[in-house]
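Put chain P on the given structure of chain B with help from the hints.
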Amino acid sequence: MRENEGRQDSQGQETDEQLMAAFARGSTDAFNTLFVRYKQPLFGFFWRRIADRSQAEELTQETFLALFKAQGRYEATALFRTYLYAIAMKILRTYRRKATFRAMFWGAPSQDKEPAARMEIDAEIALREAVGKLDRVAREILMLREYEELSYVEIAALLRIPVNTVRSRLFRARMALREMLAAPAAGAGQREFSKMEGRA
Amino acid sequence: MTTATTHPVAVEEVTAYLDGEVTSAEARRVEEHLAECAECALTRDQLRATSAAMASWSVPAAPAGLDAAIGQRVSGAVPQQKSVKPVRMGRRRPWVLVGGGAMAAVAAIVVIGAVLSYSTSYQRSAAPEPMMAPAPAGAEQGSTGQPAPQAEGIVGGAAPEPAPTPEQGAATSGAAASAAATGPMIARTASLTIVVKNITDSRAALDRILKQYQGYAAQLTVSTAADSSPSLQASLRVPVSDLPAALSALRALGQVQNETQGGEDVTQQHTDLMARLNNARETEKVLQSILQKQAGKMDDVLAVEEQISQTRGQIEQMEADQQALEHRVAFASIDVQLTEEYKAQLTGSSTPVGTRLRNSFVTGIGNAGSSLLGLVVFVEEAGPVLLIWALILGLPVVLVVRRYRKARTRV
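In order, the protein sequence lines correspond to chains B and P.
Per numbering that gives the first Met the number 0, the first sequence starts with residue 0, numbered consecutively.
Per numbering that gives the first Met the number 0, the second sequence starts with residue 0, numbered consecutively.
Here are the computed distance ranges between Cβ atoms for each label pair:
| hint | chain 1 | residue 1 | chain 2 | residue 2 | range |
| --- | --- | --- | --- | --- | --- |
| 1 | P | Gln71 | B | Asp134 | 38 to 44 Å |
| 2 | P | His6 | B | Thr14 | 38 to 44 Å |
| 3 | P | Gln45 | B | Gln17 | 37 to 43 Å |
| 4 | B | Asn31 | P | Trp388 | 55 to 61 Å |
| 5 | P | Gly99 | B | Arg72 | 27 to 33 Å |
| 6 | B | Lys97 | P | Ala106 | 25 to 31 Å |
To list a few chain P residues with every Cβ distance to chain B over 12 Å, as calculated:
| hint | residue |
| --- | --- |
| 7 | Val105 |
| 8 | Arg207 |
| 9 | Ser234 |
Below, a list of computed lysine-lysine pairs in the DSS-like style, where the Cα atoms sit at most 27 Å apart:
| hint | chain 1 | residue 1 | chain 2 | residue 2 |
| --- | --- | --- | --- | --- |
| 10 | P | Lys405 | B | Lys89 |
| 11 | P | Lys405 | B | Lys132 |
| 12 | P | Lys405 | B | Lys97 |
Source of the hints: derived by calculation from the structure; they are not laboratory data.
Even for Gly, the Cβ is constructed at its ideal location relative to N, Cα and C.
Excised from the complex, chain B in its bound form (with noise of 0.2 Å):
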């Protein structure tokens, strides 16, 4: 499922960047349209990213208060969904840096804490656990391009990496993800790197 249903512009809906030019302009209509399009994409995003549903949800909150914050200070110069993943990526890595020195004294937090909210079947498992296991930029890449559907352009962008990187690891992230998925074993993913790197 593509979750991610940001851009409306061929249905005679008002784009984002409109939305959020009128939103600067004091519309809170706007705000409430730009949330009603991006809650679900933004859970998505954090959702996949970390364990805990409530802060997956706390962190949405958070994305949205800050947007709230930043009313004028959006430019035009950037796409609207690029800026809030910008935003959300940047609370999500204040979340990790702070989660991660929580774990340092006290353990990690636990993975399920709401196992049967879940309802995960075992493909599923098997695909966050191959995910997990690539490269940390790389599987940004690939989560950005899948799930949130960002252009080559925009993940450039936002990570601040060349265009060129974006395609290359992708595509290697790619074929990495699929072999661990086809054959789940330890290494897998490893030997499918080396393997493109040579055709690359």
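This is chain P only, laid out in the frame that chain B set:
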């Protein structure tokens, strides 16, 4: 790279094609290649399958409470102009850099401070050179200055000897006695700091003033240091009756910077002294009569004479004290400090430039050497201690870092 030559389309282009990240011309080229290349077609299928597999990672619907919660939080929030900067992936961790930098800076400051203080203390202990502290000009007799200070000791304005003439002595004694009879005896003092135009002229004027008021200088020092204005310091004595007039005359010498006046009441002291003196004189008379009337044993006579001698000594001592006290009352003390206006003089340095350069170079080499030596000595002496502390503090740091890394992989 052999495969790259056989495939006109790179595998990344296939990925980009599937993601719709190619131009229409590129897309046509990729499509054509995929139609004829089985290997690339397989890659395309694998990539598609991977994307399809990833779609199985479903996300539950956002919690229903999210709307209400965000509404509540937003209503309490105030929009602000704070910018949200894009996120930076990768290895940079600003807080680590800032924290580490701060710690490094503190450590560096501590080490440098320790080395410097050690270096200076080492220099001091190694070469205990006498300090050439420039004493204030004219502060003391024998104060420094390139020409030797003209410490002239007691310079008389009217008389080189402070002891008054017999008539004066009688007069002052009488005055003091009358003062004692009529009112309190006050020893007057005054002090003046004056900036004058020319110290030589002022000194002549000072001599004239002393002559005019029948005073004298108890002490006078002239200092002419090369790097500061010439100055004169004197302690003058003038008859107390002439004090106001003498002060006025002194003030006229230049610009007064500081003036203080004071007086010490010595009435009680004088009365006590007089009473004890009278007693001693009476005792002396009695002893004299005893000696005249009684012609007893030799020992007794000697004892009485001894007693008379002691009493006589006491009387003379007390008479001297009395005179000094009365003199203090009769003659006011004025401390004068005259300083010439500072005139900067364009004098070429006596040392040639070459010599100065050489001297400074030698000094520089010496300083560098002593600094280096200080550092070496510091390392030798403090090194082991620092090593111990580094071990003590380093071990927990290493453990914490390891734990942090472990935690990072878990989160």
